[in-house]
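Number of protein chains: 2
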Amino acid sequence: MIKHTDISTLGEIGLIERVRQIVDIRVDDATIHERLILGISDDTAVFRPDPGKVMLLTTDSFIEGVHFDLTFTSLRHLGWKAMAANLSDIAAMGGSPRYAVVSLSLPKKVSIEMVDEFYAGAIAACKRYSFLIVGGDMSASMGNIAITVALTGEAKEEQVLYRKTAKPGDLLCVSGHLGASHAGLKVLQREKQRYHDAPDPATFKPNLEQYTLALEKHLMPKPRFDISALLAGRVTTHAAIDISDGLASEVHRICTASGVGAKVYEHNIPLDSVTRNIAIEFSESPTDYALFGGEEYELLFTMEDAEFEKLESLTSDATIIGRITEQSEGIRLVKESGEEEELKAIGWRHF
Amino acid sequence: MIKHTDISTLGEIGLIERVRQIVDIRVDDATIHERLILGISDDTAVFRPDPGKVMLLTTDSFIEGVHFDLTFTSLRHLGWKAMAANLSDIAAMGGSPRYAVVSLSLPKKVSIEMVDEFYAGAIAACKRYSFLIVGGDMSASMGNIAITVALTGEAKEEQVLYRKTAKPGDLLCVSGHLGASHAGLKVLQREKQRYHDAPDPATFKPNLEQYTLALEKHLMPKPRFDISALLAGRVTTHAAIDISDGLASEVHRICTASGVGAKVYEHNIPLDSVTRNIAIEFSESPTDYALFGGEEYELLFTMEDAEFEKLESLTSDATIIGRITEQSEGIRLVKESGEEEELKAIGWRHF
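Going down the list, the sequences are from chains A and B.
At position 222 of the first sequence the residue is numbered 224 (my numbering), and the sequence of numbers has no breaks.
At position 11 of the second sequence the residue is numbered 13 (my numbering), and the sequence of numbers has no breaks.
Hints are computed from structural coordinates only; laboratory data are not their basis.
Please note: incorrect hints may appear among the correct ones.
[Claimed, not checked] Computed Cβ-Cβ distance ranges for the label pairs, DEER-style:
| # | chain 1 | residue 1 | chain 2 | residue 2 | range |
| --- | --- | --- | --- | --- | --- |
| 1 | B | Asn209 | A | Asp199 | 52 to 60 angstroms |
| 2 | B | Gln212 | A | Ala126 | 49 to 57 angstroms |
| 3 | A | Ala126 | B | Lys312 | 44 to 52 angstroms |
| 4 | B | Pro109 | A | Met222 | 27 to 35 angstroms |
| 5 | B | Leu316 | A | Glu218 | 56 to 64 angstroms |
| 6 | B | Ser330 | A | Pro208 | 56 to 64 angstroms |
| 7 | A | Lys111 | B | Ile348 | 24 to 32 angstroms |
| 8 | B | Glu160 | A | Gly16 | 31 to 39 angstroms |
| 9 | B | Lys110 | A | Gly16 | 34 to 42 angstroms |
| 10 | B | Gly54 | A | Gln195 | 57 to 65 angstroms |
| 11 | A | Met222 | B | Asn209 | 49 to 57 angstroms |
[Unchecked claim] Under the rule of at most 30 angstroms between Cα atoms (straight-line distance), these lysine-lysine pairs were calculated in the BS3-like manner:
| # | chain 1 | residue 1 | chain 2 | residue 2 |
| --- | --- | --- | --- | --- |
| 12 | A | Lys5 | A | Lys194 |
| 13 | B | Lys166 | A | Lys129 |
| 14 | B | Lys111 | A | Lys346 |
| 15 | A | Lys129 | B | Lys55 |
[To be verified] Chain B is nowhere near these chain A residues, computed Cβ spacing over 10 angstroms in every case:
| # | residue |
| --- | --- |
| 16 | Lys5 |
| 17 | Ala32 |
| 18 | Lys111 |
| 19 | Pro170 |
| 20 | Gln191 |
| 21 | Asp199 |
| 22 | Ala204 |
| 23 | Gly235 |
| 24 | Leu273 |
| 25 | Asp274 |
| 26 | Ser275 |
| 27 | Ser285 |
| 28 | Asp307 |
| 29 | Glu309 |
Note that CB positions come from ideal geometry on N, CA and C, so glycine has one too.
Go ahead and model the full structure; you've got the sequences and the hints to work with.
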């Protein structure tokens, strides 16, 4: 039985002090500590930027009922994921993460143990990707849980990866496999429904074992610093973006920002077998999961052919999915049949 | 009649583009523009820090039903206030604001016009205090409006104002007048009740004219960069904090962080006549408004007597309210009668 201790037993000051102790950790990158002058304990955090580097700043929110469902998302996963979404933005710019501030808006149902779990997930990300939580805000909520993280990063100015610099003739490439996060979500939603429909919920066992890869991709996505380090380092990359709202939306974003067109070859989109199997179970198209599913956190990038050869010698986890074209040629999807159609900019729709 | 256009007519991408255009402004401080390499248009903002300065980072959230009530708070006021709360933290550290990211979580009832109003208030703060909005996040909400701002600032390292450096014997001082924000809130809550109780709400006129000073303090608080510039510049300040949760809480925070005690003289707490009159109307103590009312955004600071003399020659808007003592003497309130009592650390309670 998990304990449920009301946050009111600690109060706001007690809760902040508890979090201050939780986030007071050591990470591998010593400069993160050397350059931090003051973390949680004053009106703001204070840090020295690395000389000669530019700063990056990003923010992402996770709202209960919109971005997550507590029925099948643990607070620990949420802590990790709220960090991962921001980290992925830093990775997509070719930077390294530095300092984060975390705002939590918590309804009464949230216990101290749940806050601990959230920070356990967040701290796991801090340790894995070498950055620190240096401040935040805690408030009550009359409704849902709302989580907002803002994260700074640093990069060498000449190595920043923009989305506005794709060039006609570039290869269009992605890291990893796509569609798995959406496939994982589909399974979790189905098992939630099965739980609700079960004659005896107490003995209900969700059927999750064979879907581990997709579930992990959905619940604990990994920002691709391994790939972005190559893209911003040994390989010359023209443009990059992280895939948070589905491949189709992100191809459109690169094309719009760069004033170019693109051709995406459906049969080249990398899909793993678990994602394929899940799509088949739901009688849906696995390619649609890749094109229109959100929260992928892989990277989409463009470079010249010769540079991709270099990249291929450094990693086996990058795939060519198409080519950048002139703007006048539009943004096209080439189907397996050889037919071409417009690639629609449909992604996760908030409004 | 105010137009109400559903956000779904624009969609998320349309809404972000609209906001990008709204926040694309010029501010007086040219370095803000020179050092910004990229605002809203990529995965993160990119900027160069000022050489030799330290960076500050802070965040604050505003949750509907907790921090604000749309019955009497306009979205324009909210836009200003969400910025002001963060700006006040930067001011309390002796810094200057630089770049902000804004996360909005919006339920269906929020129209495009309301988003425009929010940003009109936020942009007014950008222009007034010379900083830029360079990114953010937009999402739907199943419940309340949630607003989170994260703001960076910069300061000379040797001029940063901490709360941990108060020394026994220091004067304890505040900027401006206290209690007005809470007094303004009391009036707004009363007029809301009168509106609900009115036999004919359509012809109801709220009674607000004589309370303008307090209402403005509550709805459009001004971060005290005028005072913090002196504290971090021509005067040697030992410790500083902004008063966001009531004077009593903030005195405790300075004392705890510095390992000191304090004596606060009740009759020296600066109160304006509007606040006094409102407290009298409610048969409450105006000192209690100052000690325990939130969202004041004045500064609380400590310095030696000789430095206060210097400060007094530069501004008439600073008041001595007490003295820092040894920790063993406790944190005490000296009443007008001469009696002493413990100063309780009661402020705004979230949990």
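Status of each hint after checking the structure:
no. : hint                                       : verdict
1   : B:Asn209 with A:Asp199: 52 to 60 angstroms : holds (57 angstroms)
2   : B:Gln212 with A:Ala126: 49 to 57 angstroms : holds (56 angstroms)
3   : A:Ala126 with B:Lys312: 44 to 52 angstroms : holds (50 angstroms)
4   : B:Pro109 with A:Met222: 27 to 35 angstroms : holds (29 angstroms)
5   : B:Leu316 with A:Glu218: 56 to 64 angstroms : holds (60 angstroms)
6   : B:Ser330 with A:Pro208: 56 to 64 angstroms : holds (59 angstroms)
7   : A:Lys111 with B:Ile348: 24 to 32 angstroms : holds (25 angstroms)
8   : B:Glu160 with A:Gly16: 31 to 39 angstroms  : holds (34 angstroms)
9   : B:Lys110 with A:Gly16: 34 to 42 angstroms  : holds (36 angstroms)
10  : B:Gly54 with A:Gln195: 57 to 65 angstroms  : holds (59 angstroms)
11  : A:Met222 with B:Asn209: 49 to 57 angstroms : holds (56 angstroms)
12  : A:Lys5 with A:Lys194                       : holds (23 angstroms)
13  : B:Lys166 with A:Lys129                     : holds (28 angstroms)
14  : B:Lys111 with A:Lys346                     : holds (28 angstroms)
15  : A:Lys129 with B:Lys55                      : holds (27 angstroms)
16  : Lys5                                       : holds (17 angstroms)
17  : Ala32                                      : holds (18 angstroms)
18  : Lys111                                     : holds (12 angstroms)
19  : Pro170                                     : holds (20 angstroms)
20  : Gln191                                     : holds (16 angstroms)
21  : Asp199                                     : holds (23 angstroms)
22  : Ala204                                     : holds (28 angstroms)
23  : Gly235                                     : holds (18 angstroms)
24  : Leu273                                     : holds (24 angstroms)
25  : Asp274                                     : holds (25 angstroms)
26  : Ser275                                     : holds (30 angstroms)
27  : Ser285                                     : holds (28 angstroms)
28  : Asp307                                     : holds (25 angstroms)
29  : Glu309                                     : holds (21 angstroms)
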